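Assemble chain B onto chain D, guided by the hints.
2 protein chains.
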Amino acid sequence: MNTQGIISKEELLKSWQGHRALARRVIEKFPEKELFEFSIGGMRPFAEMVKEMLSIAVPGLESIVSNQIEKYDHNLPLTTKQELLEHWDADTPKIDALFSEIAVDRFKESFKIFGEYEFPIVENIQYFIDNEIHHRAQGYVYLRALGIEPPFFWERY
Amino acid sequence: MNTQGIISKEELLKSWQGHRALARRVIEKFPEKELFEFSIGGMRPFAEMVKEMLSIAVPGLESIVSNQIEKYDHNLPLTTKQELLEHWDADTPKIDALFSEIAVDRFKESFKIFGEYEFPIVENIQYFIDNEIHHRAQGYVYLRALGIEPPFFWERY
Numbered sequence: 001m002n003t004q005g006i007i008s009k010e011e012l013l014k015s016w017q018g019h020r021a022l023a024r025r026v027i028e029k030f031p032e033k034e035l036f037e038f039s040i041g042g043m044r045p046f047a048e049m050v051k052e053m054l055s056i057a058v059p060g061l062e063s064i065v066s067n068q069i070e071k072y073d074h075n076l077p078l079t080t081k082q083e084l085l086e087h088w089d090a091d092t093p094k095i096d097a098l099f100s101e102i103a104v105d106r107f108k109e110s111f112k113i114f115g116e117y118e119f120p121i122v123e124n125i126q127y128f129i130d131n132e133i134h135h136r137a138q139g140y141v142y143l144r145a146l147g148i149e150p151p152f153f154w155e156r157y
Numbered sequence: 001m002n003t004q005g006i007i008s009k010e011e012l013l014k015s016w017q018g019h020r021a022l023a024r025r026v027i028e029k030f031p032e033k034e035l036f037e038f039s040i041g042g043m044r045p046f047a048e049m050v051k052e053m054l055s056i057a058v059p060g061l062e063s064i065v066s067n068q069i070e071k072y073d074h075n076l077p078l079t080t081k082q083e084l085l086e087h088w089d090a091d092t093p094k095i096d097a098l099f100s101e102i103a104v105d106r107f108k109e110s111f112k113i114f115g116e117y118e119f120p121i122v123e124n125i126q127y128f129i130d131n132e133i134h135h136r137a138q139g140y141v142y143l144r145a146l147g148i149e150p151p152f153f154w155e156r157y
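These protein sequences, in sequence, are chains D and B.
All residue numbers for the first sequence refer to full-length UniProt numbering, where the first residue is 1 and numbers rise by one.
All residue numbers for the second sequence refer to full-length UniProt numbering, where the first residue is 1 and numbers rise by one.
Excised from the complex, chain D in its bound form:
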């Protein structure tokens, strides 16, 4: 973007994948039933939040790489913890590959992600990551409420 950049493309991807590794640990900690059913204060079960993450990351990157604006769809047909984890793991190398296809100069370009939010591409991707951190943290509270110790916040490998 400019010579003042303090976070490189590679560093942003590494940070994201580190956060995703921690989110995967949070999914793993949930018992099957509670993953899909437990909630607090009328919020969605954690599985629904995970499906949101899955329906943003790869579809969002695909849209950016192809320069085609697509609506998003959170209704992924994933009904077991195993299916969620398999989808999660399948997306890990897809995120690496798609992210790598975005040319450095494009990160400052404005893009109307999902046809709704017009920001520079780098901000769209920061939003994906921040949204994952946000919902993962809500999963931490669900786990605590269930009497389950969540993973350490710094376990990003």
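These are calculated hints, taken from the structure and not from any lab test.
In this text the structure is predicted, and so the values were computed from the model without any measurement.
The beta carbon of each residue, even a glycine, is placed where N, CA and C say it ideally should be.
All the given hints hold, so there is nothing to weed out.
Okay, the calculated beta carbon distance ranges per label pair: (1) T92/D to T79/B: 37 to 47 Å; (2) L146/D to E109/B: 39 to 49 Å; (3) F119/B to N67/D: 29 to 39 Å.
Not the full set, but computed from the structure, chain D residues with beta-carbon under 10 Å of chain B: (4) G41; (5) E123; (6) R136.
Chain B only, in chain D's frame:
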């Protein structure tokens, strides 16, 4: 750091202050008593999480700017919502000023923040921000459990 940087120093600060503006809205939403007393699953009340944020941001930046490693202290003598918000608001321009004092070339330097975590300075600061997003999201669950609608995630102004 290098010409491949996709996030500038100014952009990282703007993103952080946007997140802090949203965290302030979350503090404001809490009733006085619940801010200091309500908890789920044995977790800390939200006021304690806010004190953690306050005891990391400015003290952490001061330590980086002065190049002096200091231990952190979460036991800030803040016992009312008004005191928390005043401390929060007093820290906003301090964060701008301290962050600006860090030379671009220093962000890649390794620094043992609080004498415990040795990472490049840019990663220390990303950790501060991510930790704030994490605890703020836990405040969202507390608010929902109290029947209070949290602010929109995208309200960063």
